[in-house]
Amino acid sequence: MRFLLPVCLGLAIGLGGQTASAQTAAGQQQDALQWLQRLAGAAQKLSYSGTFVYRNGDQSETSRIVHVASNGSQTEKLEVLDGSPREIVTQNDEVRCYLPESKLLIVEQRGTRRPFPALLPASLAGLGDYYGMRKGGRARIAGFDSQIIRLDPRDAWRYGRQLWVDPASGLLLKADMLNERGELLESFAFTELQIGEPASPDAVKSSYAGQKDAWQVRQARSRDIRDDARWTFRVEPPGFRRQAAMLRNIAQDAGKDAHEVLHWVYSDGLAAVSIFIHPLRPQDEAIEVGAHALGAFSMVKRIVDGHQVVVMGDVPPATVKRFAEGIEARGK
Amino acid sequence: MVILEMSNMKSQLSELSALYDGELEPHELASIANAAVRDEELRAAWLAYGVIGDGLRGEDIAVVDLSAGVMAKLRAEPVVLAPNNLRVSRSHPLLALAASVAGVAVVAWLSLAGDPAAAPEASRLATVAPAPTFVRLPERTLAAAGAEAASPAQQAAARGDMSEYLLAHHIQASTFRLHDSTEHVRSVSMTPASARP
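Chains as they are written, first to last, in our numbering: chain A, 1 to 332; chain B, 1001 to 1197.
If you are wondering where the hints come from, they were derived from the structure by calculation, not from laboratory data. Bear in mind that the values here come from a model prediction, so they are computed numbers and not experimental data. Treat each hint with caution, since some may be false.
[Stated by the list, open to error] To be clear about the criterion: a stretch of chain A counts as covered by chain B if any three or more of its residues have a C-beta under 8 Å from a C-beta of chain B, and this derived list gives those stretches:
hint : region
1    : 97-109
2    : 229-239
[Unchecked claim] A few chain A residues that face chain B, going by a derived Cβ cut-off under 8 Å, partial list only:
hint : residue
3    : Trp215
4    : Arg221
5    : His263
6    : Ser274
7    : Pro279
Just so you know, even glycine gets a beta-carbon here, dropped at the ideal spot from N, CA and C.
If we strip away everything but chain A, and leave its shape as in the complex, we get:
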């Protein structure tokens, strides 16, 4: 007993130390999670206007955004300031994309099944299984003193994120996407931001709204489906769950024949992957294309059982590849 005591003590101290560090990690995780929850709510509830820069590799693009939230409804205008002019006006679930150079207006409804923000706490809580989350230091972004939140992937199937949050409003000021070596793939950052409603309600109207007659309008249509019994996954990357399944018509304008495409959305709560499947048509090229990545965006194309399968998302090339390789026709 005399000999055992130091051993037991040692063990107890060792275990105690481990538990304490585990608690610290869990505490950090919890802390970071609360920041994320706040951040996710703020973008929806607040009105704000600002200018931000999107960087991908050494390319960058500046955009102006005005977001108005009032009485549970949301309107937003996003205007790309560099290169060819483009505008996106979002009113609740309707997204209108104006491409003035080609006089093309694309209208798309966001599905009502959208898990965000209703299912947010659940999906955020699950994030901890695939990302280590912790609070970082403080930094000034666009004149705001921000809190840094870091999300490090626990495996190679997803990218890391570093987020800068305004502690007062909870608004996201900057977001970086990082690869496994911590190198920057893509970045969004406000360079100027004002919180509060814009002086004029016209600030969220499209500059092209008045001249719609001359524009070609392309209405993207999709309908939710429960499942598609025809396809199944042999393997899929861990942590990704199906968020939505829909059938959509692609290429609806008069010049092209519309065809129905199965569209699945998978997500691990942070990264999202789309899978598009449609039967090969005579004019389709039956070629497969290996995983390609640009910045944080990856894409792959496969031919499976007479169908074209396209997988894309903000994930490493290996992840889209795994999705593409894992899919097979049921009953084969």
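Given chain A, work out where chain B should sit, using these hints.
For chain B alone, coordinates are given in the frame of chain A:
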């Protein structure tokens, strides 16, 4: 220890071109591979050739990492994009689209090159691209590149599909939207070059 000298660099770049045309012997391959490991500039050129070559041949081996260094390389030396004996067997909608994502229009341009009907689109694309020097490739190269390209209809169909897929992805697949805006700016950054009907 191999130290690359400037004069050596040029010959190694031409070796790279040969490599991607499948004209190198195994021992030459090993030598240039070793050199590329040590030399950042050569490595960037290596990647650039790989991207273009794989893309144009439609081969299933390219996992492309267009890091800042590679992009800078592409800007500095557009000639890298048009090796003399580049063989083009197919158009490459995915690569074209990926290229337009960041505005590296030349790859899109190359895959459009075989399509006379797509010329207006290509010129529009040139105005969209932030790096216009890239689109001014010699006519001869473009004509050669397009010699065996897929039919205009096939190309148009493929391009149209991809841009619509992209837009659909960005509108529907944002489960955790930090900002709506960030999702959209990405999709509009990607869309215009190839969304034109």
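Hint status (Cβ of Arg221 of chain A to nearest Cβ of chain B, threshold 8 Å):
Check failed: Cβ of Arg221 of chain A comes no nearer than 11 Å to chain B, outside 8 Å.
Hint check: 8 Å Cβ-Cβ cutoff, Pro279 of chain A to chain B
Since the shortest Cβ distance to chain B is 13 Å, the answer is violated.
Verdict on chain B covering the region 97-109 of chain A, where coverage means 3 or more residues with a C-beta closer than 8 Å:
holds (count 7)
If you take the shortest Cβ to Cβ gap from Trp215 of chain A to chain B, is it below 8 Å?
Not OK, violated: Trp215 of chain A not within 8 Å of chain B, min 12 Å.
Double-check Ser274 of chain A for me: the hint is only fine if its C-beta lies closer than 8 Å to a C-beta in chain B.
It holds, given that the least Cβ distance between Ser274 of chain A and chain B is near 4 Å, below 8 Å.
Do at least three Cβ atoms from the region 229-239 of chain A come closer than 8 Å to Cβ atoms of chain B?
violated (count 0)
Is the hint on His263 of chain A kept, meaning its closest Cβ partner in chain B is under 8 Å away?
6 Å, holds
The earlier numbered hints that this structure contradicts are 2, 3, 4, 7.
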